[in-house]
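Peer 1: First to last, the sequence lines map onto chains A and B. According to our numbering, the stretch in the first sequence is residues 1 to 201, in order. According to our numbering, the stretch in the second sequence is residues 1 to 347, in order.
Keep in mind the hints are simulated off the structure, nothing from the lab. Worth double-checking, as some hints may not be accurate.
So the derived label-pair ranges between C-beta atoms look like this [claimed, not checked]:
| id | chain 1 | residue 1 | chain 2 | residue 2 | range |
| --- | --- | --- | --- | --- | --- |
| 1 | B | G159 | A | R91 | 23 to 29 Å |
| 2 | A | S108 | B | C31 | 50 to 56 Å |
| 3 | B | G32 | A | K176 | 28 to 34 Å |
| 4 | B | E195 | A | V201 | 56 to 62 Å |
| 5 | B | R248 | A | D175 | 51 to 57 Å |
Just so you know, even glycine gets a beta-carbon here, dropped at the ideal spot from N, CA and C.
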Amino acid sequence: MADQLDCRGQACPEPVLQVKGVLERHNPDSLTVLVDNQAAVENVTRFLEYRHFQVVCQRVGADFMVAGTRVGDASAPVSQPLPEPLGLARRKIQIVVTTDRMGHGDDSLGAGLLINFLKTLKEMGPELWCLVFVNGGVRLTVEGSPALPILQDLAGDGVRILVCGTCLNHFKLLDKKQVGETTNMLDIVSGMQLADSVITV
Amino acid sequence: MTMIPTRLTQAVKGAGCAAKLAPGDLDRALCGLDLPVDENLIVGLERADDAGVYRISDELALVQTIDFFPPMVDDPYWFGQIAAANALSDIYAMGGTPKTAMNVVAFPAKTMDISILRQIIEGGLVTMREAGVVLVGGHTVEDSELKYGLSVTGFIHPGGILTKRSLCPGDRLILTKPLGTGIVCTAIKGGLASEEVAGRVTRIMATLNRDAAAVMSHYPVNACTDITGFGFLGHLAEMVVDSGSGVRIDAAAVPVHPEALEWAAMGLIPGGAYNNRMFRGRFVTFAEAVPQRLQDVLFDPQTSGGLLIAVAAEAAEQLLQALIGRDITAAMVGEVIADPRDMIVVE
Numbered sequence: 001m002a003d004q005l006d007c008r009g010q011a012c013p014e015p016v017l018q019v020k021g022v023l024e025r026h027n028p029d030s031l032t033v034l035v036d037n038q039a040a041v042e043n044v045t046r047f048l049e050y051r052h053f054q055v056v057c058q059r060v061g062a063d064f065m066v067a068g069t070r071v072g073d074a075s076a077p078v079s080q081p082l083p084e085p086l087g088l089a090r091r092k093i094q095i096v097v098t099t100d101r102m103g104h105g106d107d108s109l110g111a112g113l114l115i116n117f118l119k120t121l122k123e124m125g126p127e128l129w130c131l132v133f134v135n136g137g138v139r140l141t142v143e144g145s146p147a148l149p150i151l152q153d154l155a156g157d158g159v160r161i162l163v164c165g166t167c168l169n170h171f172k173l174l175d176k177k178q179v180g181e182t183t184n185m186l187d188i189v190s191g192m193q194l195a196d197s198v199i200t201v
Numbered sequence: 001m002t003m004i005p006t007r008l009t010q011a012v013k014g015a016g017c018a019a020k021l022a023p024g025d026l027d028r029a030l031c032g033l034d035l036p037v038d039e040n041l042i043v044g045l046e047r048a049d050d051a052g053v054y055r056i057s058d059e060l061a062l063v064q065t066i067d068f069f070p071p072m073v074d075d076p077y078w079f080g081q082i083a084a085a086n087a088l089s090d091i092y093a094m095g096g097t098p099k100t101a102m103n104v105v106a107f108p109a110k111t112m113d114i115s116i117l118r119q120i121i122e123g124g125l126v127t128m129r130e131a132g133v134v135l136v137g138g139h140t141v142e143d144s145e146l147k148y149g150l151s152v153t154g155f156i157h158p159g160g161i162l163t164k165r166s167l168c169p170g171d172r173l174i175l176t177k178p179l180g181t182g183i184v185c186t187a188i189k190g191g192l193a194s195e196e197v198a199g200r201v202t203r204i205m206a207t208l209n210r211d212a213a214a215v216m217s218h219y220p221v222n223a224c225t226d227i228t229g230f231g232f233l234g235h236l237a238e239m240v241v242d243s244g245s246g247v248r249i250d251a252a253a254v255p256v257h258p259e260a261l262e263w264a265a266m267g268l269i270p271g272g273a274y275n276n277r278m279f280r281g282r283f284v285t286f287a288e289a290v291p292q293r294l295q296d297v298l299f300d301p302q303t304s305g306g307l308l309i310a311v312a313a314e315a316a317e318q319l320l321q322a323l324i325g326r327d328i329t330a331a332m333v334g335e336v337i338a339d340p341r342d343m344i345v346v347e
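Can you build the whole structure from these sequences, using the hints too?
Peer 2: Right under this line is the structure:
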């Protein structure tokens, strides 16, 4: 039975101190730590690896679950590659969706293609960082849109969803948005600068 | 009945310069502001330099800066000294001389005895006296979290202004204080730092950059900045981005508080380090051989760090020896290169 720690709401370096305390008191072979921010994920991961644990991390809603399992030999190399690295070294992909269909030639084919594209984005895994919706693309984020369940699912996985406020306003859809944050051009441009790849659809 | 915390770091969430607003957020707040124009403004907000500089005459310009933050050490007297040294540092980094200062204070009067504020200000005065700076006033607000620092005014000759921006390929880079204070302060906050280590790092943070600035004024320095909340790589990036030059850093040569490396490996890293990495990480490439713990220290937000000096190659060794001769922990940490442009390569 793994020790379970809930370190949400704790200011740095409390989560690491809590984990240290548990290791010293119980000397468990495995434990899980629930935290609510990326810095705590990084710090707890580093501490567990330092103490010869193999670490895996998963999102749990808006929080993160860091799970450590003791590596057999204490003299084993400390730096094990994380099977699910959640570090800041990971690539960030931003996708800009400029309308509610994909490609030109046939609009109903295009609409179906885009839904399929959005469904398949899950395959990018944690590298998918941000989805931006502008112009006609904002229609995908409002009530009644066939893309809504897919986008809500991605949002639940932690993907940032940005929906252009000016565009929502233009189409008179400002109060119909059901997923993501309403945002402005500055956030969109900043995202492009931070992203490692920007894909426009 | 007022409660007096015996350790200032236990009364606050963020420690020292690690409490700085995330650079991405700050950028969004400041980007595209419609700023007033004045032909006498030599260094203003758009240039994002260490201080503002305003010409008074052909011989004289005013330098202005401000710094304040929550405590990063437990003793109020040392907190005051460090916060003051940190605030004065920006003036020295521009090549100026600080002259007048005002206290900037946020104080939780309902839960902290006012004698603590008295000790903090006394600490600030120790540093100000050492720097030849007069305290001319201040402003205090009631707040749930303690913060202290200074607004500082100084003077400089318009021809002697050192900005962050004039790197020349071939310049050598010298750093004058060891890195790792953010990590050490996190360990202090966590109760894991010995008195000896806390004391040593505290004294270095409280040390003015005045002597280093005085030494460098005799040498052909092209650019200079001080290392504080954005970390070594964050402040270096401010010098490099859009400069047309790149920088190569010799990671092994960078002076570091030895305990900071061990504590970094243990994950005692302030959140500000991750913010700094997120904001500037894309301008930095690390060679495989640079261990994670050292990478973390290079992004670690510093409180009252040293000067990072870009000096012409032919004078670099002499400047280094002159600094060491004045008991300043200086080290040659890298050089300015032509290629890759606007990038920092850490080897």
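Peer 1: With respect to the beta-carbon atoms only, verify the hint that B/G159 and A/R91 lie 23 to 29 Å apart.
Peer 2: 47 Å, violated
Peer 1: A range of 51 to 57 Å was offered for this pair. Does it hold for the Cβ distance of B/R248 and A/D175?
Peer 2: Given range 51 to 57 Å: holds, Cβ gap about 54 Å.
Peer 1: The hint says 28 to 34 Å between B/G32 and A/K176; measuring C-beta to C-beta, is that right?
Peer 2: 29 Å, holds
Peer 1: Given the hint of 56 to 62 Å, is the C-beta distance from B/E195 to A/V201 inside that range or not?
Peer 2: At 59 Å between Cβs, range holds.
Peer 1: Please check whether A/S108 and B/C31 have a Cβ separation lying inside 50 to 56 Å.
Peer 2: 41 Å, violated
The earlier numbered hints that this structure contradicts are 1, 2.
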